[in-house]
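Engineer: Use these hints to put chain B onto chain A, whose structure you have.
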Amino acid sequence: MELIFQNVWFVPLFPFLASILLGIGLFFFPNSIKKFRRLSSFISIMFLNIAMLLSFHFFWQQITGSPIHRYLWSWVLYKNFVLEIGYLLDPLTSIMLVLVTTVAVMVMIYSDSYMFYDEGYIKFFFCYLSLFTASMLGLVLSPNLIQVYIFWELVGMCSYLLIGFWFTRPSAANACQKAFVTNRIGDFGLLLGILGFYWITGSFDFQQLSKRFFELLSYNQINLVFATFCALFLFLGPIAKSAQFPLHIWLPDAMEGPTPISALIHAATMVAAGAITALLGATIALAQKDLKKGLAYSTMSQLGYMMLALGIGSYKAGLFHLITHAYSKALLFLGSGSVIHSMEPIVGYHPNKSQNMIFMGGLRQYMPITAITFLFGTLSLCGIPPFACFWSKDEILVNSWLHFPILGSIAFFTAGLTAFYMFRIYFLTFEGDFRGHFFDDVKKLSSISIWGSLEFNKEQFKLDKKFTLYPKEANNIMLFPLIFLTIPTIFIGFIGVLFDENTINVDFLSYWLTLSINSFNYSNSEKVLEFLFNAIPSIIIAFFGILIAFYLYGPNLFSLNKENKKLPFQSKIDVILKSFSTSIYNWSYYRAYIDSFYYSFFFKGLRFLIKIVSFIDRWIIDGIINGIGIVSFFGGESLKYIEGGRISSYLFFLIFCMFLFFLYSYII
Amino acid sequence: MNHFPWLTIIVLFPISAGLVIPFFTFYRKQNYSMVYFRYYNWISFINFHWRLGIDGFSIGLILLTGFITTLATLAAWPVTRNPRLFYFLMLAMYSGQIGLFASQDILLFFFMWELELLPVYLLLAMWGGKRRLYAATKFILYTAAGSLFILIGGLIMAFYNSNESTFDFQLLINKTYPLELEIIVYLSFLIAYAVKLPIIPFHTWLPDTHGEAHYTYGLIRINMELLPHAHSFFAPWLVILGAIQIVYAALTSLSQRNLKRRIAYSSVSHMGFVLIGIGSITNLGLNGAILQMISHGLIGASLFFLAGISYDRTRTLVLDQMGGIGTSMPKIFTLFSSCSMASLALPGMSGFIAELMIFLGVIDNPNYSFLFKIIIIIIQGIGIILTPIYLLSMLRQMFYGYKFSNTLTPYLMDAGPREIFILICLFFPIISIGIYPNFVLSIWNSKVNFLLSNNFF
Numbered sequence: 001m002e003l004i005f006q007n008v009w010f011v012p013l014f015p016f017l018a019s020i021l022l023g024i025g026l027f028f029f030p031n032s033i034k035k036f037r038r039l040s041s042f043i044s045i046m047f048l049n050i051a052m053l054l055s056f057h058f059f060w061q062q063i064t065g066s067p068i069h070r071y072l073w074s075w076v077l078y079k080n081f082v083l084e085i086g087y088l089l090d091p092l093t094s095i096m097l098v099l100v101t102t103v104a105v106m107v108m109i110y111s112d113s114y115m116f117y118d119e120g121y122i123k124f125f126f127c128y129l130s131l132f133t134a135s136m137l138g139l140v141l142s143p144n145l146i147q148v149y150i151f152w153e154l155v156g157m158c159s160y161l162l163i164g165f166w167f168t169r170p171s172a173a174n175a176c177q178k179a180f181v182t183n184r185i186g187d188f189g190l191l192l193g194i195l196g197f198y199w200i201t202g203s204f205d206f207q208q209l210s211k212r213f214f215e216l217l218s219y220n221q222i223n224l225v226f227a228t229f230c231a232l233f234l235f236l237g238p239i240a241k242s243a244q245f246p247l248h249i250w251l252p253d254a255m256e257g258p259t260p261i262s263a264l265i266h267a268a269t270m271v272a273a274g275a276i277t278a279l280l281g282a283t284i285a286l287a288q289k290d291l292k293k294g295l296a297y298s299t300m301s302q303l304g305y306m307m308l309a310l311g312i313g314s315y316k317a318g319l320f321h322l323i324t325h326a327y328s329k330a331l332l333f334l335g336s337g338s339v340i341h342s343m344e345p346i347v348g349y350h351p352n353k354s355q356n357m358i359f360m361g362g363l364r365q366y367m368p369i370t371a372i373t374f375l376f377g378t379l380s381l382c383g384i385p386p387f388a389c390f391w392s393k394d395e396i397l398v399n400s401w402l403h404f405p406i407l408g409s410i411a412f413f414t415a416g417l418t419a420f421y422m423f424r425i426y427f428l429t430f431e432g433d434f435r436g437h438f439f440d441d442v443k444k445l446s447s448i449s450i451w452g453s454l455e456f457n458k459e460q461f462k463l464d465k466k467f468t469l470y471p472k473e474a475n476n477i478m479l480f481p482l483i484f485l486t487i488p489t490i491f492i493g494f495i496g497v498l499f500d501e502n503t504i505n506v507d508f509l510s511y512w513l514t515l516s517i518n519s520f521n522y523s524n525s526e527k528v529l530e531f532l533f534n535a536i537p538s539i540i541i542a543f544f545g546i547l548i549a550f551y552l553y554g555p556n557l558f559s560l561n562k563e564n565k566k567l568p569f570q571s572k573i574d575v576i577l578k579s580f581s582t583s584i585y586n587w588s589y590y591r592a593y594i595d596s597f598y599y600s601f602f603f604k605g606l607r608f609l610i611k612i613v614s615f616i617d618r619w620i621i622d623g624i625i626n627g628i629g630i631v632s633f634f635g636g637e638s639l640k641y642i643e644g645g646r647i648s649s650y651l652f653f654l655i656f657c658m659f660l661f662f663l664y665s666y667i668i
Numbered sequence: 001m002n003h004f005p006w007l008t009i010i011v012l013f014p015i016s017a018g019l020v021i022p023f024f025t026f027y028r029k030q031n032y033s034m035v036y037f038r039y040y041n042w043i044s045f046i047n048f049h050w051r052l053g054i055d056g057f058s059i060g061l062i063l064l065t066g067f068i069t070t071l072a073t074l075a076a077w078p079v080t081r082n083p084r085l086f087y088f089l090m091l092a093m094y095s096g097q098i099g100l101f102a103s104q105d106i107l108l109f110f111f112m113w114e115l116e117l118l119p120v121y122l123l124l125a126m127w128g129g130k131r132r133l134y135a136a137t138k139f140i141l142y143t144a145a146g147s148l149f150i151l152i153g154g155l156i157m158a159f160y161n162s163n164e165s166t167f168d169f170q171l172l173i174n175k176t177y178p179l180e181l182e183i184i185v186y187l188s189f190l191i192a193y194a195v196k197l198p199i200i201p202f203h204t205w206l207p208d209t210h211g212e213a214h215y216t217y218g219l220i221r222i223n224m225e226l227l228p229h230a231h232s233f234f235a236p237w238l239v240i241l242g243a244i245q246i247v248y249a250a251l252t253s254l255s256q257r258n259l260k261r262r263i264a265y266s267s268v269s270h271m272g273f274v275l276i277g278i279g280s281i282t283n284l285g286l287n288g289a290i291l292q293m294i295s296h297g298l299i300g301a302s303l304f305f306l307a308g309i310s311y312d313r314t315r316t317l318v319l320d321q322m323g324g325i326g327t328s329m330p331k332i333f334t335l336f337s338s339c340s341m342a343s344l345a346l347p348g349m350s351g352f353i354a355e356l357m358i359f360l361g362v363i364d365n366p367n368y369s370f371l372f373k374i375i376i377i378i379i380q381g382i383g384i385i386l387t388p389i390y391l392l393s394m395l396r397q398m399f400y401g402y403k404f405s406n407t408l409t410p411y412l413m414d415a416g417p418r419e420i421f422i423l424i425c426l427f428f429p430i431i432s433i434g435i436y437p438n439f440v441l442s443i444w445n446s447k448v449n450f451l452l453s454n455n456f457f
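Same order as they appear, the protein sequences are chains A and B.
Just so we're aligned, residue 1 is where the first sequence starts under my numbering, counting upward by one.
Just so we're aligned, residue 1 is where the second sequence starts under my numbering, counting upward by one.
Since the hints were made in silico from the structure, they are not lab data.
Small disclaimer: the values here were computed from a predicted structure and weren't measured.
A portion of the hints provided could be inaccurate.
[As the list claims (entries may be wrong)] Below, simulated DSS-like cross-link-like pairs (lysine-lysine); rule was C-alpha separation at most 27 Å, straight line:
1) A:LYS211 with B:LYS373
2) B:LYS331 with A:LYS611
3) A:LYS34 with B:LYS331
4) A:LYS35 with B:LYS373
5) B:LYS130 with A:LYS604
6) B:LYS373 with B:LYS260
7) A:LYS611 with B:LYS130
8) B:LYS260 with B:LYS130
Okay, chain A solo, but in the shape it has when bound (with noise of 0.2 Å):
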């Protein structure tokens, strides 16, 4: 047994190794390893399969009361100065073990159905999920911050490959340009983060760290001010990475990537998130005063909501949440990957017709499956209650309800906010009547407002008709992990609640954290009567928001009139939200214009700065070395005609000057 935890670095070495062996065997023999394609894929599943396993085992020693395991070997070595690298395995780590390898192997099972048509890149594709993956343990493992950084950077390197993956799409490129330089910019943060604490404590690792910290904080021997800018840049690494306000711009690009990555790149911003909140409980005293300013911005996501907790000091209900809203993310993108890919022969392989719901519609009939997976990623979202994110939210809600009202309120609003939102996703695509097959109606259906004014090129969609296909349900193997990923959507919910109320009153999760942060200490034991009394508004403002969204893309709506071809849902939407629909579409579509802003702003002025700069270069100071050159080029020329061997017009220099010189002195 001693033997098993000592190898805890099997868990991410396993996953490494499979895609080492992928990439080298690509690199080396592409051809044979394209014919082997189902063995490869099966090679990678295999690997990370035992990585699961080792993960659920460590999980259950952990549950069972094991010790915390640390291990270190030194990495960087000097007089006084130990780098160390090694892994700590505590209740948390062994969580978020469990969550990254599970929702890994899901991904990968779906995906090896869902990419199985690429042109042979699949194994490139394996080959850096399993990279992908194995970086995101190695970063849960981390005992140091100078390891987390490592861990971060390759998952950032991961996500631009991945993003980057169909790169002969000049918006993929793009895209993962754009999404490595903002995580570098937040990694840049982190490092400088990382740099001050080590600055100030003299130590990377987490558990030194915070001893030093509050030992010198007792002492009063810390500059508050450097330390609170430490921490605000330590931030900057997990806002990049899990696309909080300033940073987000990233995100909605990586959408080029395929979809099974968007699941994971979603999931791996949790486990981002996650990490940090491992930080947090190292410089909490400073993180709650610090983060509500950033929480004021960030509300319209669940991250938001993780942010939220943390910033109120819930450290067990942002976790809760994590996970809960993992799973049930992972689900629904991968809901949506089966749905794109029923579309996709149907309207075509452009991001834009696949991908887009006015195509859609009444899907629960052709893909029942499908459809009752995503409503239950949907529910769970919305926060409905026996499903996870209910009981994950709700503690959030209600925290921060008892002690931030106005964020609170912020918080309850948006929580109609997204039941409105994702139920609106959910109606348009597989509720009312299939509308894949109106191309020949592109103008009826180009002034379908989804959202105000949708202004579409007509040429775009033009498409030929093919009235007898229907979108198919998908097969078993990319089913398997949408029905599996249901369970821990439905069932871990209950976890969060009183596990066992006769022996201790605390729940499960929180008893397990509070083994492994002592400094933090946040037992929350409510009964499950009060609980529930407490979650009646959050259910009832998200009930609110699915009405709302039923109303107005409710199945009734959009089943076309086919006798007058009226679309009746038009006028109403008209009548009601007019003018405020169509601004808020524009909002949404330009991204809150945000990247117009960085566009015109930071993206201007870097180029204006590098004009200059290459001006100086080119110009300045090359100039002044070529004009040195020119000079002493041109001087050589000009001596050289005056050197012309005519002894003549050397007496008549010679001469010359002798006159003047008689000049000189005669006039003085």
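Structural biologist: What follows is chain B alone, placed relative to chain A:
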């Protein structure tokens, strides 16, 4: 007869033998102070000796030079125009470099410095690119002017305050000078290295020549070891210069349309880290600086080589004219991406650990003020943001996107076994240093400790 590459093999043998030599002597002695190779009286009239030796500083660079020259010879396989002269010049350049790193006599140092310039000039002028004469002339003017300062500085040091001239490094270490004189001597050496390194504003020859430069060695060997007082005087200025250089060169690189010029400017930018490491006067910083020299020697060489082989295929160096070649050359694409990742200091590769150590070195220095450190580190960090911008947009312009049919060559061949072999040889040490840096750090670590504890603390 014609098909078998006799000449290349003949050329390769001595180089690879030279690569092995330092290993033997170094590990036999297990002594991290100076290992003397040879000691002859050359011109006894002025005490000028042929004095060669190797220690922790030079061994890494000697190994690197041998390694890269060997691979460069292999890379130059397709050179068909006058190959005998080419290899002669290559070997001459190699001996000049090795001699420079191994010389223990300041006049010999100057001699070797000059010896190296001529072959480089000729190589540039005869086998260079389109504007080769311009580049070669610029190179020789720059570096010859720079080397003049070495001679001046060396002579001042040798003749100051003694009846007999002393050129020996070991004796010069014990000599002390008044601070003003030391500063003057220091500056004259600094100018010489600034040209060769290159430090801004003396860098404009490099993008034209695409040379490989790791001459910070002299900065450590002479300026730090022989002139410690002036060095502690100049250290903050070196750090500032380095920080400016990182950002400045990164911005300039971003504006370059030419592939090789872009890589050359990135190499200028990376040299800024070396300057900061040397200026930090800490154990970590100096170790990091030496590591950065070696790591960048490897990464820069592989990037230039990759640029060369992609030029062979596309026949253009202008980035705007490329694009979409990723589909037809997946191996070159993979290798180019990996080397760019190494160059932008991805963890797990050598650049990262070197730059991290330099960062930590700046923090560790007790003499610099709080604000100074913060500003320097933030500027360095901005450099870290700019690096991926220019490298990744280079990759994007070259490989990503869709291939249009109006390009010059219809069929692009992927990398052959020779090219892959060279690149893997270069890439292997990059990865292994990145994964376990202690392996190479231990070579010069004790020497760095010795130098710092003797002269600065």
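Engineer: Holds or violated: are the alpha carbons of B:LYS373 and B:LYS260 at most 27 Å from each other?
Structural biologist: Between B:LYS373 and B:LYS260 the Cα gap is close to 33 Å, so the pair fails against 27 Å, i.e. violated.
Engineer: Just to be careful, I want the Cα atoms of B:LYS260 and B:LYS130 compared with a cutoff of 27 Å; is the pair within it?
Structural biologist: holds (13 Å)
Engineer: Straight-line Cα separation of A:LYS35 and B:LYS373 no greater than 27 Å?
Structural biologist: violated (56 Å)
Engineer: Does the structure keep A:LYS611 and B:LYS130 at a Cα separation of 27 Å or less?
Structural biologist: holds (25 Å)
Engineer: Is it true that the CA of A:LYS211 sits at most 27 Å from the CA of B:LYS373?
Structural biologist: It holds: about 25 Å lies between the C-alpha atoms, which stays within 27 Å.
Engineer: Is the straight-line distance between the alpha-carbon of A:LYS34 and that of B:LYS331 27 Å or less?
Structural biologist: OK: A:LYS34 and B:LYS331 at ~15 Å, within 27 Å.
Engineer: Straight-line Cα separation of B:LYS331 and A:LYS611 no greater than 27 Å?
Structural biologist: violated (34 Å)
Engineer: Could you grab the alpha-carbon distance between B:LYS130 and A:LYS604 and see if it respects the 27 Å cut-off?
Structural biologist: violated (33 Å)
Checked against the numbered hints above, the structure violates hints 2, 4, 5, 6; every other hint is satisfied.
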